[in-house]
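Colleague: Spelled out from the first residue to the last, the chains are:
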Amino acid sequence: MSEIYEQLSTAILEGDASKTPRLVNRGLKQGISPKELLDNGLIVGMDEVGVRFKRGDMFVPEVLMSADAMSAGMLILRPLLVASGAKLLGKIVMGTVKGDLHDIGKNLVSMMCEGAGFEIVNLGFNVEPDVFIKAIKEHQPAIVGMSAMLTTTMRAMGHTIKAIEEAGLRETVKVFVGGAPVDKEFADTIGADGYGSNAPGGAELAKQLVGAA
Amino acid sequence: MRGNYTVNSGVRFRMLTDDQLQELYDGVLHVLEYTGLEVHHEESLEILKKAGAWVDGNRVRIPSYLVRKSLELAPRSFTVFSRDGNPENNIHIGPGRAHFGPGPTCPNFIDIESMDRRPYIKSDVPNVAKVVDALPNVDFCESLGTVNDVHHDLGALYEFAGMFPNTSKPIVAWSYDKYDSAGIHEIAVAEAGGQEAFEHRPNYIHYCEPLSPLVSTGEALDKLIFAAKHRIPLIFTPCPIAGGTAPVTAAGIIIQGAAESWMGLTIAQALQPGLPFIMGGVFSVMDMSSMILSYGAPELSLMMAGLTELAHFAGLPLWQTGGCTDSKTFDEQAIIEGSLSVYFSALTGGDLCHDVGYTESAMTGSVFQLTAMDEAIGYARRITRGIDVNEDTMAVDVINNVGPNGHYLREEHTRRHYKTEFWYPNICDRRNYEEWVEEGKKTMKDRTYARVQDILSTHKPSPIKPETEKVIEKVLVEAEERVKNS
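Residue numbers (our numbering), protein chains in the order written: chain Y, 1 to 213; chain S, 1 to 486.
Chain Y with its partners taken away, still in its complex shape (with noise of 0.2 Å):
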């Protein structure tokens, strides 16, 4: 049994988006239950993920990798962690904040926060008050991520928590935020509850929002 949580941790640690899938179908015919291929593989091999992006062993690119490869193993396991009522990381609602129309930095945060084991809602980008708010009502997650590339825009991220705030639906939801003008003071100025500096800090943060890490 230990040996195919080892082969999926190391899957996902060489982002083999192919190879991780099939593990995964090769664990539930062996009759392991989805949350314990969920934790004791590939969680484990994106926790080393983390470990080595941080240490400078890893890169960008291959972390990537690596998240494509959770997110191919989560689509099997999601439906049935959801049916068996095991508790899940929950879901993200990202979107560009109105007025700016930078696209990719947010995507990567998708990316990583979804290779976390995250559900995300991407929204795209100059993403309007409103929009954001229809998303949680329908989506009900459990964090909304705003990014804002520009010094014009940024300020649209507060105006967005007041909107949110207004709509009575702020206590349902942390609120992180990032973007290559904001810093953690900005963040805490316009209330919100956490600020990523990068795709894999953004990913490891939203996890602690939830009390996962």
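Hints in this document: simulated from the structure, not taken from any laboratory. Fair warning: there could be bad hints in the mix.
[Claimed, not checked] Chain Y side only, calculated, beta carbon under 8 Å to chain S, not exhaustive:
#1 Asp57
#2 Met58
#3 Phe59
#4 Leu64
#5 Ile104
#6 Asn107
#7 Leu108
#8 Pro181
#9 Lys184
#10 Ser197
[Claimed, not checked] PhoX-like cross-link-like pairs, simulated, lysine-lysine; straight-line CA separation at most 25 Å:
#11 S:Lys441 with Y:Lys184
#12 Y:Lys54 with S:Lys441
#13 S:Lys442 with Y:Lys54
#14 Y:Lys54 with S:Lys419
#15 S:Lys442 with Y:Lys184
#16 Y:Lys54 with S:Lys445
[Said to hold, decoys possible] Far from chain S by the CB rule (all over 10 Å, computed), these chain Y residues:
#17 Pro61
#18 Met65
#19 Lys134
#20 His159
#21 Gly168
Cβ coordinates follow ideal geometry from the N, Cα and C atoms, glycine included.
Let chain Y serve as the given structure and place chain S on it in line with the hints.
Modeller: Below, chain S without anything else, positioned relative to chain Y:
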């Protein structure tokens, strides 16, 4: 298939034209033929006379045909081998290949623990060699100091004995006299598996220095002749000081210094045709207010660039100089002077760039300067490697696939190239502000110190043969015996 297509893949640097180099070359021949040098060595005078030089007492003038013949005999390209057969540590000397390493004989050393300046001692030698062995951009080893705590005649021998087991990168060995040279050679030959094996795969380089202006001393020639007879690749490196022991102008010092070096070349090639010969050395200015030989002056880089081009024009490799400083400590001056001279040296393609890690105008050796310069050399090497332009690197298809507002991080093209296309620093910090604060706001100096400590506590050089260890012991015992009454 493309025709008539010109490629420059590296950064090209050229200071002088062929016309100017021809003038410098002719200037050197003129000095050797009409002014000549003093040679204080009977055997060398005999060798020179027999080869066709005009000998008048100690004054030797060499007709230009003889110099040209000697240049013709010396190889432009050759290999110096690692002692343990590790091909990554071999040095292939040839056009477009710049190598780097420390220098010898500083009286002082920056202590590895306290970072304070103090006399260089025997126990510093293995540490320097280990750091050299571990640093990815340092190619050859010298000790960065003169051992002060052994008999004053045996410093060079103890240095070699301390370096040889602690790095498999080729050592450039200096010595006081031919006895040292013989001891050093005995150690190297033991490891190589005999004299003949050594001649096929030489595992160190011998270093000696003539005196400026225009004197070949007895000791320098004793060592030169020892190296030539045993076919040890040879560096003959003067250290002229512009305005003091050489003309104040760059062109003038280059001509005089080259003449000093080519006197050694002529003797060496007469004795051992085809001996790998590397001309030197350290050419810089006398600072007219402090009277020091400046190791941080821009003129050092310029003079060394001119000398490199002359050496290559004449078909010889060069003993370059860089990575050194006049600063007394690990500070901004040390990094500016060291980095710029390293970069300039890399641009010239000067073959073996030494004195990396010198501080205080060569008075104090520092593994911290050496380690910081390893970073600068990596940086410079990335620039001189240049950019490739081909179907694959132009990435026109990849651009098309990704399209507007996409990203390249997931592309196979990115994954295939990002590790080789980009240079990654070891001690320069690129993290964001928060992470930097979290790690304790470490400066370049802190990180360099940590890297040195990390190398010294974790790096294990490949061992020498057990029989070589016995030879080292024997050589040291015999040497102590020889000098005990002096």
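Colleague: Against each hint, give a clear statement of whether it holds in the structure.
Modeller: Do the hints match the structure? See the list:
no., hint, result
1, Asp57, "violated, 11 Å"
2, Met58, "violated, 11 Å"
3, Phe59, "holds, 7 Å"
4, Leu64, "holds, 6 Å"
5, Ile104, "holds, 4 Å"
6, Asn107, "holds, 7 Å"
7, Leu108, "holds, 7 Å"
8, Pro181, "violated, 12 Å"
9, Lys184, "holds, 6 Å"
10, Ser197, "holds, 5 Å"
11, S:Lys441 with Y:Lys184, "holds, 17 Å"
12, Y:Lys54 with S:Lys441, "holds, 17 Å"
13, S:Lys442 with Y:Lys54, "holds, 17 Å"
14, Y:Lys54 with S:Lys419, "holds, 17 Å"
15, S:Lys442 with Y:Lys184, "holds, 20 Å"
16, Y:Lys54 with S:Lys445, "holds, 22 Å"
17, Pro61, "violated, 5 Å"
18, Met65, "violated, 7 Å"
19, Lys134, "holds, 24 Å"
20, His159, "holds, 24 Å"
21, Gly168, "holds, 33 Å"
Violated hints for the displayed structure, listed by number in ascending order: 1, 2, 8, 17, 18.
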